[in-house]
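Novice: I would like the entire structure built from these sequences, with the hints used as guidance.
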Amino acid sequence: MSLHDLSVAELARQLKTKDVSAVEAARHFLARATAHDDLGAWLARDEEVTLAQARNADERIAKGDTAPLLGVPIAHKDIFVTRDFPSTAGSKMLEGYRSPFDATVVRKLAEAGMVSLGKLNCDEFAMGSSNENSAFHPVKNPWDATRIPGGSSGGSAVAVSARLAPAATGTDTGGSIRQPASFCGITGIKPTYGRASRYGMIAYASSLDQAGPMARSAEDCALLLSAMCGPDPDRDSTSLDVPAEDFGRSLGASLEGLRIGVPREFFAEGVAPDVRAAIDSALQQLEKLGARRVEISLPRTELSIPVYYIIAPAEASSNLSRFDGVKFGHRAKQYGDLLDMYKKSRAEGFGEEVKRRIMTGTYVLSHGYYDAYYLQAQKIRRMIADDFQRAFKECDVIAGPAAPTVAWKLGGHGGDPLADYLADIFTLPGSLAGLPGMSVPVGFGEGGMPVGLQLLGNYFQESRLLNVAHRFQQATDFHAKKPEGLQ
Amino acid sequence: MSKLVQGWEVVIGFETHAQLSTRSKIFSRSPTDFGAEPNTQASPVDLALPGTLPVMNKGAVERAIAFGLAVGSKIAPHSIFARKNYFYPDLPKGYQISQYEIPVVQGGAVEFYVGDDKMSVRLVRAHLEEDAGKSLHEDFVGQSGIDLNRAGTPLLEIVTEPDMRSTEEAVAYAKELHKIVTWIGICDGNMQEGSFRCDANVSVRRPGGPLGTRREIKNLNSFRFMQQAIDYEIRWQIGELEDGRAIEQATVLFDPDTGETRAMRTKEDAADYRYFPDPDLPPLVVAPEWVEQVRAGMPELPRAMAARFVQQYGLPEYDATTLTQSPAMAAYFESAAKACGQPKLASNWVMGEVSRRLNAQEIGIEQAPVQAVTLGALIGRIADGTISNNAGRQVFEALWSGEGSDVDAVIEAKGLKQMSDTGELEKILDDILAANADNVAQFKAGKDKAFNALVGQAMKATKGKANPQTVNDLLRKKLAG
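For the protein sequence lines, the chains are A and B, in the order given.
The opening position of the first sequence corresponds to residue 1058 in the working numbering, with each subsequent residue numbered one higher.
The opening position of the second sequence corresponds to residue 33 in the working numbering, with each subsequent residue numbered one higher.
FYI, nobody ran anything at the bench for these hints, they're computed from the structure.
Just to be clear, a hint being listed does not mean it is correct.
Pulled from the structure, derived: some chain B residues nowhere near chain A, Cβ distances all over 12 Å [said to hold, decoys possible]:
| # | residue |
| --- | --- |
| 1 | T54 |
| 2 | T84 |
| 3 | F113 |
| 4 | W268 |
| 5 | R277 |
| 6 | P314 |
| 7 | S367 |
Here are the in silico distance ranges between beta carbons for each label pair [said to hold, decoys possible]:
| # | chain 1 | residue 1 | chain 2 | residue 2 | range |
| --- | --- | --- | --- | --- | --- |
| 8 | B | R277 | A | L1396 | 28 to 36 Å |
| 9 | A | E1359 | B | V173 | 27 to 35 Å |
| 10 | A | G1425 | B | P320 | 47 to 55 Å |
| 11 | A | A1389 | B | D149 | 58 to 66 Å |
| 12 | B | P320 | A | R1447 | 28 to 36 Å |
| 13 | A | R1447 | B | G226 | 51 to 59 Å |
| 14 | B | D65 | A | A1389 | 49 to 57 Å |
| 15 | B | E69 | A | E1116 | 24 to 32 Å |
| 16 | A | E1359 | B | G240 | 56 to 64 Å |
| 17 | A | G1425 | B | E69 | 42 to 50 Å |
| 18 | A | M1416 | B | P70 | 28 to 36 Å |
| 19 | B | G177 | A | L1396 | 16 to 24 Å |
| 20 | B | E394 | A | G1425 | 53 to 61 Å |
For glycine and all other residues, C-beta sits at the position ideal for the given N, C-alpha and C.
Specialist: Structure below.
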């Protein structure tokens, strides 16, 4: 088995036993990344930086350091700021920007011994579902290079799926970990809002943004998530005062008697037959493992689209005000007065979708519209969260498709933002409620494209979700499938 | 009482920004010291670098709570930070974090005297917010510099109802507020450095009529300018109205050079700040225990202390109010009073000799060269008849100029002790009576003036060391005999 086919857990073990060195592993993945640069997954790599980190990991190993992920390579979504690589958020606005500090998640993974391979492409400021909103270049799905990888963590999903990295970090605001994981046939989890520090994540929608790992198996995700989470009270006021935990502790527990809630609304019209079929057989598989299906209802599922596309842009319009050309980021070369400098710098620096959301957000917060849009959306958001609490009285986890279809063709939505927004329908409700959610590969649909099963749990039920996924993966091999033709 | 100006009633409300005396900023750990090199006290959070987030400084909240307790406000158990969105180069995030709909301090009142009239100005609220940076337009040709040292400095914005009816009341309110915030130590009160900035909303109306359109005078940073600016503004508004022109709502600045106010922006320029709750900051929760903890750590407030001085020391209201101008002065008085057991005498000395010298030297009472207990000892020596009042002033002068620090030693060294040996005094008096037969005769003929002349002779002969009362008594006895 090649190095790049090893799981994070196995690679960590081999590093510990010195069957492979961190430098060897780093070189191997850097070479693969270069060989597959055509996929467009990367925004920044720096061999010297990576190898220096790898050498450091080897030294730690030699000294008998037992950090759990020592020497294992990882790559970071370019939403996380890093000292050692540029941090752009996929935007021209931040082209070449260097942060003087590392995001907390990046720092924690480094402390756990991980070696950074570089930064991964994403939709600009994490706004998008196809990764076509990257200001630099699109990302191709390794299962079919004419298709999108999903977004906004498209680069992360592709890097893992194409085995350019054993694991990657992602961020999920409205489904940006789960949807690309589903489209690329990998496993990804977004923890309960507040579990992972947002410090150093370039903010899109503060009340929704959450970091999480993307890897090939639930077991790997559990390892990574354990290293990523934990309170960060001195840097992020929304980080929860909940101690870090070992999310892998219940892996392998029986699913006997587990109640799986299947929301009626997740199987309504609009779910493609191929996706429905794959999800159905996955649910049957879970039943075989001892789980019981319970039909539930999340009546406001459809409303989650307008609610999300009011709240997220509102927060974004304010979060992105700091990009004004004054202190950092792009400034227009030619301008008249101050106002002209602002206008030109922002017009040149931001892409179309970002501008659209800034305008939407500015509008819904404006005097005279605030009550009708923003406030109303907040009320419905609370009702959506309440719907979940009702549902969790009847079930232990909720399962359904991560997306209504498999990955579509590059340019397939013809630049219609609404088509992209509608495709977020199944991931948005969990995001709005702040619940943990994940996507697990459960089969293939149209064009041989992967289908992901979304699992949603109640607050702090990450380890339960991971166990359900793990038991499924022990019984199946969808997660081990490689995109065809990939060397 | 008529406070009308040319038949117009003046209506004034205040918004005051008190910079809170925390060591670090409201949402970051950068220091708040004044006067550092530009941008040396700005952390990634203050610069709003991508990925940074605000974390509330507990000390700022505690100071807000202390203020609320000092003015009898409600401390909100739950308050919300909002974002006020606007673009300006010295506002790094493109929004200011401020409390909007639900502030931490709600209601309350500031009470004070204007002359003999007791005033109460109601407070609407006091809320926490961050300061912006500074734009430096003078230092660079054709460019503006930005200094973000001040960005993120904690402010408490204190908002009143439009309860003031004259410049005099407005300035008295501002002075009282200044006294409160410095007294409880939440603000250093340095107006020149901008630690205490007042905005005055001024309008005029016909008595009983609806409120007039107000203009807001921004950033009044001395009490003198405050008085000049409001006076000017009142005259200007009345002039406009009497000439048939309407007042346009505006923000104005006071120019100390011309003594005039001038409009900076009008209502048409009013921005839509798109306030919304800051998703980076959870609601600020203040538990009752926290409030009690802050209350327990608070000093006695000036009004309570003045009332106690009246009650405990039998001081007149005027003395009590004057002595509670600052905690240091009050403490000085109290230890002097306790040291001598003569509160009224101590009050006279502190308000008289001590204050006079402090003012002349422009120093605070903390720097007074005579310790309060030393003053107490001196007063004790006057009270027990050891020295005369006059001699007391000489001793004080000596102590103040550093000639000595022990009262008795100075009295001894200067030979100021009053004559207590009546035998010696009687002998001197007998000599004087013998040498001034004409005065004796005059006194006996009913001329009181002649008696005074004899006392004067006696004091002269004893070089002031005789107790005047004793001289008096002895002389009368001898003359009667």
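Novice: Give a verdict on every hint.
Specialist: Evaluation of the provided hints:
1. With a closest Cβ-Cβ approach of about 16 Å to chain A, T54(B) is found to remain outside the 12 Å limit, as its non-interface label requires.
2. Remark: the non-interface label on T84(B) conflicts with the geometry, its nearest Cβ contact in chain A lying 7 Å away (cut-off 12 Å).
3. The Cβ of F113(B) sits about 10 Å from the closest Cβ of chain A, inside the 12 Å cut-off, so the non-interface label is violated.
4. Residue-level check passed: W268(B) sits 31 Å from the nearest beta carbon of chain A, beyond 12 Å.
5. With a least beta-carbon separation of about 29 Å from chain A, R277(B) lies farther than 12 Å from that chain, consistent with its non-interface assignment.
6. Chain A draws P314(B) into its interface by the beta-carbon criterion, the shortest separation being 6 Å against a cut-off of 12 Å.
7. No beta-carbon of chain A is positioned within 12 Å of the beta-carbon of S367(B); the least distance is around 43 Å.
8. At roughly 31 Å, the beta carbons of R277(B) and L1396(A) sit within the given window of 28 to 36 Å.
9. The hint said 27 to 35 Å for the Cβ distance between E1359(A) and V173(B), and at roughly 59 Å that hint is violated.
10. A C-beta distance of roughly 38 Å is found between G1425(A) and P320(B), which places it outside the suggested range of 47 to 55 Å.
11. The hint said 58 to 66 Å for the Cβ distance between A1389(A) and D149(B), and at roughly 60 Å that hint holds.
12. For P320(B) and R1447(A), the hinted distance range of 28 to 36 Å is satisfied, since their beta carbons lie about 33 Å from each other.
13. Roughly 54 Å separates the CB atoms of R1447(A) and G226(B), a value that falls within the hinted 51 to 59 Å.
14. Between D65(B) and A1389(A), the C-beta spacing of about 36 Å breaks the proposed range 49 to 57 Å.
15. The supplied range of 24 to 32 Å is broken by E69(B) and E1116(A), whose beta-carbon atoms lie about 40 Å from each other.
16. One distance hint, 56 to 64 Å for the beta-carbon pair E1359(A) and G240(B), holds here, with the actual separation near 58 Å.
17. For the pair G1425(A) and E69(B), the supplied restraint of 42 to 50 Å holds, since their beta-carbon distance comes to about 45 Å.
18. Evaluation of the 28 to 36 Å hint for M1416(A) and P70(B) yields a pass: the beta carbon distance comes to about 35 Å.
19. Between G177(B) and L1396(A) the beta carbon distance is about 19 Å. The supplied range of 16 to 24 Å therefore holds.
20. A C-beta distance of roughly 55 Å is found between E394(B) and G1425(A), which places it inside the suggested range of 53 to 61 Å.
This entry does not satisfy hints 2, 3, 6, 9, 10, 14, 15, going by the numbered hints stated previously.
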